[in-house]
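Residue strings, one per chain:
2 protein chains.
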Amino acid sequence: MITSTPPVLARTRDVAGPAMRAAVATLLPELHGPVHYHFGWADVDGTPVPGGGGKGVRPALAILSAEAAGAPAGAGVPGAVALELVHNFSLLHDDVIDNDRERRHRPTVWALFGVGDAIIAGDALLTLALEVLFDADAPGGARAAGALTRATSEMIAGQVLDMTFETRDAVSLDECITMESGKTGALLACAASIGALMAGGSDALVDALAAYGRHLGLAFQAVDDLLGIWGSPAVTGKPAWSDLRQHKKALPLVFAWERATASERRELHHLLADGTPTEAAMAEAAALIEARGGRDCTQSFADRELDAAFRALGATDLDCGVRTELVELAHFVVERQS
Amino acid sequence: MITSTPPVLARTRDVAGPAMRAAVATLLPELHGPVHYHFGWADVDGTPVPGGGGKGVRPALAILSAEAAGAPAGAGVPGAVALELVHNFSLLHDDVIDNDRERRHRPTVWALFGVGDAIIAGDALLTLALEVLFDADAPGGARAAGALTRATSEMIAGQVLDMTFETRDAVSLDECITMESGKTGALLACAASIGALMAGGSDALVDALAAYGRHLGLAFQAVDDLLGIWGSPAVTGKPAWSDLRQHKKALPLVFAWERATASERRELHHLLADGTPTEAAMAEAAALIEARGGRDCTQSFADRELDAAFRALGATDLDCGVRTELVELAHFVVERQS
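Protein chains in written order, with the numbering used here: chain A, 1 to 338; chain B, 1001 to 1338.
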């Protein structure tokens, strides 16, 4: 089912979008080519393209986070911009690391502009993100920069685990969750709490929002893992079976592995061996993963994490409007294309 | 002439070295392979190697900077560690970007471990650097993190200019100095001032030390540019004529270009055209650059910047011992292998 886009995304994009453009405009003009292309603001030759950009989930969370602390939406904007910049730093680098040639139905920056441009553009977005926070006219700016630095560090550690898992046969469920919590949960936890942090919200509020973001991140990643095997290329913009192709040890495979017999494990290992598996082998592996509960368990995991996110919100005394938007946003994030 | 290593480097290495090891030990074990190898602490297979590490100029500056503010050497250690980490983040990424397969007479990390490992290891060092400052038990930690973020951002901009210059025929002296000030000056300015910043030194002291570091960085880079053309591979650990090979627009070429006739410019352009120039063409280009004053002008530029660094120190009321060590360090940095 395709969930309709919640109004909060349009509202927060209107607030954060111009600030995002203004921050990127401070980069050297020599970087605008790959960066504007990456954001979907321009073609490869620099011609502006209407629309563009991702769904804006992280900026929306940062702005709702400020509003949760009783501040106006504007107080969440530096955090919104910083989170979007760090997220895109990670996309630029991960596409090189994972050798991904397509993202959002377009060639990736490294595939078009070269590896060097993708690396340096990513580096520039990461430092720009922190500069935006240090430069923000808010007492919590430096504290927010510290929180974002730690979240980024955890995200990088998650990516390292993801990379090393590719060369391993088996990964435990705990290891997989640690990896996904770092890769996706850390930054969503930061997004959901950074606005409150900058607006001087209580520690209890900041912690509750961070817990909401952390669980939401895990739910989101679980859905992403489902799409990584069973998602339609037309929808995901990635090749079919992309996670199996890349030897990813994501939740469906890890759940199935735990439930598989020794001979089924040998079969999975054989089907997904080094190099690029054949289409037939990936189809067979996907069927075996599904038969051993990998698909259902991952969906249940996503559902439980979404519930945990809502419970975290329940522990706080939130304005009703903000709570509703956080809930709508969470449903949108987790139910996309699944 | 080879200048003897000043005692300050051994003294500050003893203080910063263990803290550097401790910071790196907090990285995921999965990163230790490429990172320990990069620092020269281990072989490619992880076997520890005695010695290792660079000259330690940036850590020494950071520690002297704290001492300049009247603080003990230990107060400079978080800055020393952070600067060394950021410097090595840039080396890891620049080696990929510049396609350099050797550094310090050893294969580079990307050449041995792959591009992905070099990218993610660099990312991890950058965020670790900032975490070290945020975690430091010092009131100026967050301020220092802000200063390091800005310096890193400027360094990245310098690297961007360096990359884009490679595809250009000519670059003005001003453009070249802006590039080199960013690529090398920004981080040395930060190294020379971060200790004083964290120790609560006066703005005047912080500014004077930053100016010393900025000029020292330009002097250092000018010497590096000389070595990039006329340095012996046995000494530099890089191929002969490496800057010409890579179409770098460094000071010697820029000075010579300014003084060259139209036909000499055409000749230089022809000799150093796209692709990899022949050895004979690079030798001829180097001779022409030298004949047009590129070598002498660059050496004079380095001398002037070194003088300016000393003048910046003269404007402050420094402890005599610290001043002597800063001067010795500057001579060492600029006179190496030239």
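These aren't lab readings, by the way, just hints derived from the structure by calculation. Backbone N, C-alpha and C define an ideal beta-carbon position, used for all residues, glycine too. Take the hints with a grain of salt, since some may be wrong.
Said to hold, decoys possible - Far from chain A, by Cβ distances over 12 Å, these chain B residues were calculated: (1) D1098; (2) E1102; (3) R1143; (4) A1147; (5) R1150; (6) D1274.
As the list claims (entries may be wrong) - Covered stretches of chain B (chain A as the covering partner; in silico rule of three or more C-beta atoms under 8 Å from a C-beta of chain A): (7) 1028 to 1039; (8) 1112 to 1120; (9) 1123 to 1129; (10) 1156 to 1164; (11) 1325 to 1332.
Stated by the list, open to error - Rough simulated footprint, nothing fancy, chain B against chain A, three-plus residues with beta-carbon under 8 Å: (12) 128 to 135; (13) 144 to 157.
Going through the hints against the structure:
no.: 1; hint: D1098; verdict: violated (8 Å)
no.: 2; hint: E1102; verdict: holds (18 Å)
no.: 3; hint: R1143; verdict: violated (7 Å)
no.: 4; hint: A1147; verdict: violated (9 Å)
no.: 5; hint: R1150; verdict: violated (6 Å)
no.: 6; hint: D1274; verdict: holds (15 Å)
no.: 7; hint: 1028 to 1039; verdict: holds (count 3)
no.: 8; hint: 1112 to 1120; verdict: holds (count 5)
no.: 9; hint: 1123 to 1129; verdict: holds (count 5)
no.: 10; hint: 1156 to 1164; verdict: holds (count 7)
no.: 11; hint: 1325 to 1332; verdict: violated (count 0)
no.: 12; hint: 128 to 135; verdict: holds (count 4)
no.: 13; hint: 144 to 157; verdict: holds (count 8)
The structure fails hints 1, 3, 4, 5 and 11 (numbered hints given earlier, in ascending order).
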